[in-house]
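Chemist: So the chains spell out like this:
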Amino acid sequence: MPQILTTCIYCGCGCGLYLNVVKNNIIGSFPSSESEVSQGSLCVKGWHAHDFINHPDRLKTPLIRSSNGEFRQADWPEAINLITSKLTQLQDENGKDSIAFFSSAKCTNEENFLMMKLARQVFKTNNIDHCARLCHASTVLGLSATFGSAAMTNSISEFENAECILITGSNTTEQHPLIGSRIIKAVKNNNAHLIIVDPRELRLSKFATLHLKQKPGTDVAWLNGIMHIIISNNWHDKEFINKRCEGFDELKSIVAKYTPEYVESITGIRQDDLVNAANIYSKSKSAMIVYSMGITQHTTGVDNVKSCANLAMLTGNIGKLYSGVNPLRGQNNVQGACDMGALPNVYSGYQKVTDPDIKNKFETKWNINNLPSDAGLSVTAAINMAYSNNLKGLYIMGENPMVSDPNINHVKQALNKLEFLVVQDIFMSETAELADVVLPACSFAEKEGTFTNTERRILKIRKAIEPLHNSIEDWKILCKIAKSLGYNWDYDSPSEIMDEIVELTPIYSGVNYNRLENDSIQWPCTDINHPGTKFLHKDKFSKGKGSFQPVDYKLPDEIPDNEYDLILTTGRLYWHFHTRTMTSRSHILERESPHCFVEINYNDAKLRNIKDGQDVKVCTKRGEITLKAKVTDKILEGILFIPFHFVEAAANILTNDALDPQAEIPEYKTCAAKILTLT
Amino acid sequence: MYIIEARNIYPFLNSLKGDVYAPIKLSDNTVSYGLLNDGELVLEAILPVISPAAVLFPQKEKLLYFESTQFNEITNINKNLYLFGVRSCDLAGIIYTDKFFCEHAGYCDNYYYQKRSNTVVISLASDQIINNTFKTPIHFSYISESGFDLQFIFIEQKYFVDVGTPKGQELIDNNIQFFNSASNKDLEILDKIKLTAKNNLPSDIPVDKAIKILINNQDEESFWEEISYMCIECGGCSYSCPTCTCFTIYDLVYSTENNFKSGYRCRSWDSCIYSSFTRETSGHNQRNKQYKRIRNWVTHKLKDNIKTFGKVSCSGCGRCYSSCPTQLGIITIINNLVDKFSTEGQ
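Residue numbers (my numbering), protein chains in the order written: chain A, 1 to 679; chain B, 1001 to 1346.
The set of hints was computed from the structure by calculation and includes no laboratory data. As the structure is a computational prediction, the values presented were derived from the model and not from experiment. Just so it is clear, CB atoms sit at the ideal spot from N, CA and C, and this is done for glycine as well. Keep in mind that a hint or two might mislead.
Okay, the calculated bits of chain B under chain A, using three or more residues with CB under 8 Å as the criterion [what the hints assert, rightly or not]: (1) 1047–1056; (2) 1230–1244; (3) 1322–1332.
In silico lysine-lysine, DSS-like type, Cα no more than 25 Å apart, as pairs [stated by the list, open to error]: (4) A:124 with A:483; (5) A:630 with B:1289; (6) A:611 with B:1289.
If you want the ones that stay clear, here's a sample from chain A, every Cβ over 12 Å from chain B, calculated [what the hints assert, rightly or not]: (7) 50; (8) 77; (9) 82; (10) 92; (11) 254; (12) 266; (13) 276; (14) 358.
Using the sequences plus the hints, can you model the full thing?
Modeler: Laid out in structure tokens, this is it:
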């Protein structure tokens, strides 16, 4: 009964857990007492992280769609041949950029690196992206512009010692439970001040000094309002600003009009609450900002992120222990997938594809001379290109846009227009059902590799069991494809892939599997003796001087009108993960939350004669779904909330696919909706 | 009365025919409970993160294989099991789970019993303090009085061997090359160690006072409500507890091409901390709030089980505290409960 140390597959925390193995069956998981992240604890998903692995629904063999529209079983050589011949044929007929690749934040760093290498070296296209587009694309742009580096600035272990923690747009105990628990301990044990800015009552609200409930889509306004109060009271950190930042005067002039009265009129946040929040945040010796999708998933996502960064710089709460701006990454390896360059504009380590020196470096290492030099398509742009018949082929590894992307009806039409769709996954996802070829991949328990968690910590995952059925590790599948097209991808192990990553990626320079065997490392780690980096921007910002990037408040893309009279916002539940492919196959997680629901305020419900538990229909301009009403006082009047996990009542049928113009991230967090009782 | 030298423990265990479980050190130094050769044997006074009860009642277990309308019970091969290194608190746990699974309400759980009846328990004791362990009405010394087949007690570089049952004696007789007779001096040292083992077990967690408060219904709802905010519903308190015995049953179904169904009926650990544990089909839930569930978890152990089994069922291992993401667990709850409601002086 071996017990194998690995890293949790669910959220970005990266908790250390053991898998308990009996005869190629995983019968349990339990916490490592030595994990720096989880310190001997796990959340409910971690305790059940083993549950889906041996599930009967696992994909067992490659599947090819026959002429009658049904899937038939195939062997690996046939499936690989079909994929390579079809993709090259599409490229020959329509150009290199007529196909695209979606990589996966669930897969390892090594697999993401190979996926981006496959797109670029083998298929000569920069059309490579992954679901970070849908969660933190705005962070990448917003924090790069202000600080020069787009990752969580601090470490998970620092939360407990922060004097003030400002959480906005993150339901931390539900989506990052082992960070949420640190925040509870910061308040309970160390009397930290917790400020929450969120339209919904959260589990953490009980611990909050202040809970400001803003109208969804008004974040720039309240952030500017807090900065206005700080500047007009002279609470800002002049020394820090003079020494380390640029652009203060512009910030000052832009936030000047955001008086508490004006902010209240936009956001609904009471004026004295806003003043209190500004007072507490700016006067604390250390202050952490925590944010997640509530900030990023807006047409003003980049503006929201920049405003958070502005606030931290204004008060000098960055570049030191217990103080910083902390975007919490949602998936186990979404940080790593970005680090590995599974993005249309950068190679691994955020090295631009448009930089000739960088291109040259990769060409030399990869022994070719024709890497594409223009940025490729994002996930959201690729779907739109498919819809307009300009994208012909798509290869999706471990993603499920048929549940996770906004405006699913549009996504479905787009995918159906493709001439060729490949989906590589562990279960028959809603997206795989539309594919021409489905490849059975291995779960995290069946392979070696690394994940990079939300605090930039590179963590090993280890093989606990042999690949189930006829499945193959994702990295080996990608190697098969490259090899069948004549590329010499003879990696013996993920360790060899990591060596190539390290050679090409400065922020990972000091990493190798020997080091990772006994320790985890936080990038940047620039040489073999470098201990890794606990917090970023010490003494100077990654880009030199920190840039204030002041922005004005803009309305969301869609606001309520006479017909669609409510604001719909979406989010997640503690018990489920993302598109529920794994958690719905974990008995207790699914039992805990088997049905979708819509949260509606008591008064809104009363007005519409809606009772708790009643079936209702929620409609937007894009579609409608039927689900149960949950009547509550935990949400503001005028707002509906729906968790997006459930394909049976998919919130993303309703959501708006309007994009942030720079980050191309969709506005999942606010759109106009109406709710109807079923007649 | 016997003595075994420390250096002989591993050879002794390794010579046993069957599955030998022991506290083992895993790859990142986490101490777990597993097969002897899956890690380095740990003899130090450290509690494994998972209790030995998990061998007899694993997190996930297949019960039946079914095909269409036929089914076969999955029986455990008649194999010897040795549970070595069981510490006093975990032994108290096994004494409880034996009662629960084999005697309770006139029913014997065959899946537990099959394993248990082939099990030899070799507990391990010393007078050293084990982190987070504490005294309770079923756990009053680091050296146990009964419940083991053999008990190894650390006395200066070697171990005194206490024989608890004929099964234990037989094991010694069959492996006599590893054991020597105890001398009078050994017995004298043992007496001293028995005393320190009892005195060293921390008694500063006011379990008795908490029990009284609960029995007298002095606790108030608002107390539980307040404390429940700390809970993030991970279920780790139940999953790491040596006396939590609740499980859920479900089917893993394989559908074949012509929709002919086969599969496994399984059981897996469950926790009353989860709201769906008591949620009824109608949606009604008698424990619909987190505080009701935490109160149930605690009162079941400290009060209700006195009625059912005559004794409380907290064995003072402290795992619910150490595995809790916010360090709640029964330790914090007892301390707070007594702080708030005890009418007696501390």
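Chemist: Are the hints correct? Go through all of them and say.
Modeler: Do the hints match the structure? See the list:
| no. | hint | in the structure |
| --- | --- | --- |
| 1 | 1047–1056 | holds (count 3) |
| 2 | 1230–1244 | holds (count 8) |
| 3 | 1322–1332 | holds (count 6) |
| 4 | A:124 with A:483 | holds, 15 Å |
| 5 | A:630 with B:1289 | holds, 16 Å |
| 6 | A:611 with B:1289 | holds, 20 Å |
| 7 | 50 | violated, 7 Å |
| 8 | 77 | holds, 23 Å |
| 9 | 82 | holds, 22 Å |
| 10 | 92 | holds, 37 Å |
| 11 | 254 | holds, 39 Å |
| 12 | 266 | holds, 32 Å |
| 13 | 276 | holds, 22 Å |
| 14 | 358 | holds, 37 Å |
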